[in-house]
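Novice: Got chain A; can you put chain D on it based on the hints?
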Amino acid sequence: MITGYAVAVALCSLAVAAWAFVLAARGKSPARPLLTGLAVLEVLLLVQVVISVVLLVGGDRPGSMVTFLAYLVGSLLVLPVGAVWALAENTRSSTVVLGVACVTVPVLILRMSEVWGGASA
Amino acid sequence: MARVPERASERPATASGPGRVLVAVYAIFAVAATSRAAVQIATRFDEAPVPYVLSAFAAVVYLLATFALARSGVTWWRVALAACSVELAGVLVVGTLSVFDRAAFPDAAVWSNYGMGYLFIPLVLPVIGLLWLRRTAPTRTPR
Chain A
908 MITGYAVAVA LCSLAVAAWA FVLAARGKSP ARPLLTGLAV LEVLLLVQVV
958 ISVVLLVGGD RPGSMVTFLA YLVGSLLVLP VGAVWALAEN TRSSTVVLGV
1008 ACVTVPVLIL RMSEVWGGAS A
Chain D
-4 MARVPERASE RPATASGPGR VLVAVYAIFA VAATSRAAVQ IATRFDEAPV
46 PYVLSAFAAV VYLLATFALA RSGVTWWRVA LAACSVELAG VLVVGTLSVF
96 DRAAFPDAAV WSNYGMGYLF IPLVLPVIGL LWLRRTAPTR TPR
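Here the protein sequences line up with chains A and D, keeping their order. 908 is the number of the first residue of the first sequence in my numbering; add one for each residue after it. -4 is the number of the first residue of the second sequence in my numbering; add one for each residue after it.
If you're looking for bench data, these hints aren't it; they were derived computationally from the structure. Fair warning: there could be bad hints in the mix.
Counterexamples of contact, computed for chain A against chain D with all Cβ distances above 10 Å [what the hints assert, rightly or not]:
#1 910
#2 913
#3 917
#4 939
#5 956
#6 965
#7 973
#8 981
#9 1003
Output of the computed footprint for chain D on chain A, the stretches with three or more beta carbons under 8 Å from beta carbons of chain D [as the list claims (entries may be wrong)]:
#10 989 to 1001
#11 1006 to 1020
By construction, the Cβ of each residue, glycine as well, lies at the ideal position given by its N, Cα and C atoms.
Okay, chain A solo, but in the shape it has when bound (with noise of 0.2 Å):
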C-alpha cells in the first residue's frame, strides 16, 4: 500500500460522509450529486486495489495474505452494497445509510494498512 494515497482515499470517503450527513439532517434523500461521489470513492478504491495488486505482484506481502485480501475485497464492496440498501428507499435515512458506508471504508483502508505493515489480523 503507498501511504498517502490511502490517507487521501480515507480522507476523501470523510468527506463525502460529512456531506451525507449534513444533506440527512437538512432532511435530503440522496440526489446525483452524492451519488457521483459515492462513485469517484469507488473509482479510489478500485485503484488502491490495482496499486495493492501491484505491490504483491512485486513481491510486497501483508502480514496475514488472507486478512488483507479479504480487507481488499470488503472496500470494493461496502459502497456498492451499502448504496443498494440505501437506494431501496428514498428518504432522509437513505442518505444516512450512504453516510455510513463511506464512514465504513477510512475503518477498512486503517486496518488494511495495519495488516499491510505486518499485524497478522
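Specialist: Showing chain D alone in chain A's frame:
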C-alpha cells in the same frame, strides 16, 4: 388492549426509515465479526479459545439480528428482539468478565471491555436496537 395485527403491513417495518440505518450498521458488524472470528479460529484458536468462541457466538448473534431486522413480520420481530437482548446481555457479561479476569481474555474479542476496541458501538447498538423494536412493536398500536 393491544392486539397482534393479522397482516405484517399494518405495523411499521423494522427495516424502513431509521431502521435501514440500523440494519446497515448491524450488517457491518455482522460481516466484521464473522470474518474476524473465522480468521481467529482458523489460524490461532489455541492461543485464546474462550474469546474466540465468544467472537464466533457474537458473530452469529449479529448475523441473526441483521437478518431479522431486515425482514418484516411478527416472527422476525421476535427473533430480532431475542437477538438484540442476547447481544446486550453478552456485551455486558463478557465486558465485565474481560475487565475482571484479564488472563482469560489475552486477545480482544468484539465484546471485550464492553466493545471499547470498536468505539463502544457493540454496547450502544443493542440498546438502540431494542428501542427501535419497541417503536415497531407489532402489539403497540391497536389502530
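Novice: Out of the numbered hints, which ones does the structure contradict?
Specialist: 7, 8, 9
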